[in-house]
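What follows is the residue order along each chain.
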Amino acid sequence: MSPRPHEDCARAAEVEAALDGGLDPATEAEALAHARACLSCAALERSLRSLRELARSLPGAAPDPAAAQRVRAEVLASAGRAGRGLSTPVRRALTAAAAVTLALLGGAAIARRRPPPPRTDGGIELAGVGMLRAERGAVYRVERVGSDTRIGLTEGTIHLAVVRRRRSERFVVSLGDAEVEVRGTRFAVDAHEGHLRRVRVTEGLVAVRRQGLAERFIAAGGTLEVTEAPAPSPVAAALPPTESLPPTESLPPTEPPAPDAPSAPALRVEPTRPASASARTASRDFRAGALAYVRGEPAAAATALQRFLAAAPARDPRREDARYVLVLALDASHEAAAEGAARAYLAEFPRGLRRAEVTVRLTRRLAARGACDAAASVALGMPENADGALRAQVAHGLSRCAGASGE
Amino acid sequence: MSLRVVRPVLTLVPDDDEVLLQRVAAGDVHALGVAFDRFHRDVYAVLARLRGSRLDLDDLVQTTFLVLPRAAHNYDPAASARSFVLGVAIQHARRERRSLVRRWRLWQARTHEVDVPEAVVDPEQHASDREDLAALESALAGLSHAQREVIILHEVQGMKGDEVAAALGVPLNTVWTRLHHARNTLRATLDARGAR
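Protein sequence lines, in the order shown, are assigned to chains V and Z. For the first sequence, counting from 1, position 340 maps to 340 in my numbering; every step adds exactly one. For the second sequence, counting from 1, position 8 maps to 415 in my numbering; every step adds exactly one.
Hints in this document: simulated from the structure, not taken from any laboratory. Please read these numbers as outputs of a predicted model, since none were measured by experiment. For every residue, glycine included, the Cβ atom is placed at its ideal position computed from N, Cα and C. Be careful, since some hints might not be right.
To give an idea of the interface, some chain Z residues facing chain V are shown, with a C-beta separation under 8 Å as derived from the structure [unchecked claim]:
id, residue
1, His437
2, Asp539
3, Leu586
4, Leu593
Now the in silico label distances, taken between C-beta atoms and shown as ranges [what the hints assert, rightly or not]:
id, chain 1, residue 1, chain 2, residue 2, range
5, Z, Arg501, V, Glu203, 42 to 52 Å
6, V, Gly21, Z, Arg537, 21 to 31 Å
7, V, Arg56, Z, Glu425, 21 to 31 Å
8, V, Pro317, Z, Pro578, 49 to 59 Å
9, V, Glu203, Z, Leu579, 48 to 58 Å
10, V, Gly221, Z, Arg600, 53 to 63 Å
Hey, can you work out the whole structure from these sequences and the hints?
Right, dumping it as structure tokens:
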């Protein structure tokens, strides 16, 4: 590396300090005046400023809003449980003593910190938040942590009228596979066995976040119907529910409508129909591949899916499912090609819905054949929102490496 | 007093950093919620850049805010609350990184490879459209961890030297020295690639 021109000047460090704000105003002005006169310090100043400008324009990683809210709720719930200041054993003992005292006094305040029992009544008034009306047979519970209100709904239908919330206040209906968040609105949520079935909005706007799917907004007059069976197995989810209906994951994202827009129609899936003969062949291959896999014939499944992938255009919404089932099929028939198929999935769908599962399988395969560093670097690509069980599987896959090296 | 142990104080929290962190330290759940809303994006962005990966980042953000009520007892109002919270996050990231490095060494021993990566670059994070930014990302990944910390806090996040020193728990002069060396390395790398 050739010597830098600004290293010639003895005052280079002073100029750098001035740009960092490490000097008093008078010295700083003097150093910058010097930089205007000195060729090498002027070059240094330009270089440092352009580096700073470049650094400031780096795009920052942003947390997933749904994950951030989950973290927020967990932090607040834990803080509420922990009480304040557990920094010293003395304080901890005092806290325990206080809790015992309160328990002896009737413990009403402490009881409020436990999750409340499920309710099956006709509804309640949520003080300062709104009204909840439950239909017959509805099973739900209401938890309030700080300024957050969370309704856990397991079964049946509840109708809610929520007064306008501030930015720091949250109102969320949680289900096993989704959450529905509002700021101020009237709406109804319908659940079955802990799974979301329907959201109907009468006033305002609600956000619906379903497991593994992008956030969607539903405006007044809109309804979201969940048509697929609850908790689908990976393969069932990858298969189209009917002959012509594409997988739900391939729906176009719904934009929040303009405030003055007329009532939005119910959000429904428009089936896509194959147009040409080659498209029909591709459809047949896709279906044959998926069904062969379900029937327990992974080799036949892999052949059909590979045919489908070779023929289907890049924009075909079934490609992701085909790539995923191909990984499963090759993995099941212990084919070395499963590795390549997994990498192909990750390359084609870097934000794919099955990225976590594919990462688990690829990590496991690489670790099993001793390619530990490759396994580790694949594992680091695990999506940040991945399910805890899948993360545990990745860790387990990698533990083979750690174990082997410890021998 | 004992009642306040179990009952969150539901009062509005002013914008004042010092009051906010005092209330967080006093176990005010509402204040903790406000602190989360105010700072969690910065915490996430800094940790993502420091670690070069988003793996388990949500857990690390959660830990940061879980320990904040205890850490906030040590808050010095001379620095901003933001830099204090980032400092708490960085201390936890360091602890976690030490165990990561141990794991890498284990794999290295197993596979006879010599490189212990300082940072693993997340392809998603690396997928910048601009060549110069992509070059900076990869140059950042080549810095030592200590140098990357000061560059991210000072140059990327725009924190002042004394705030960086407080967040990292090092003397101010150490911050300047690390910045100087880190910038020299970055500029040399970028110039060699012709990125600037």
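Task: Structure versus earlier hints - violations, ascending order - done: none
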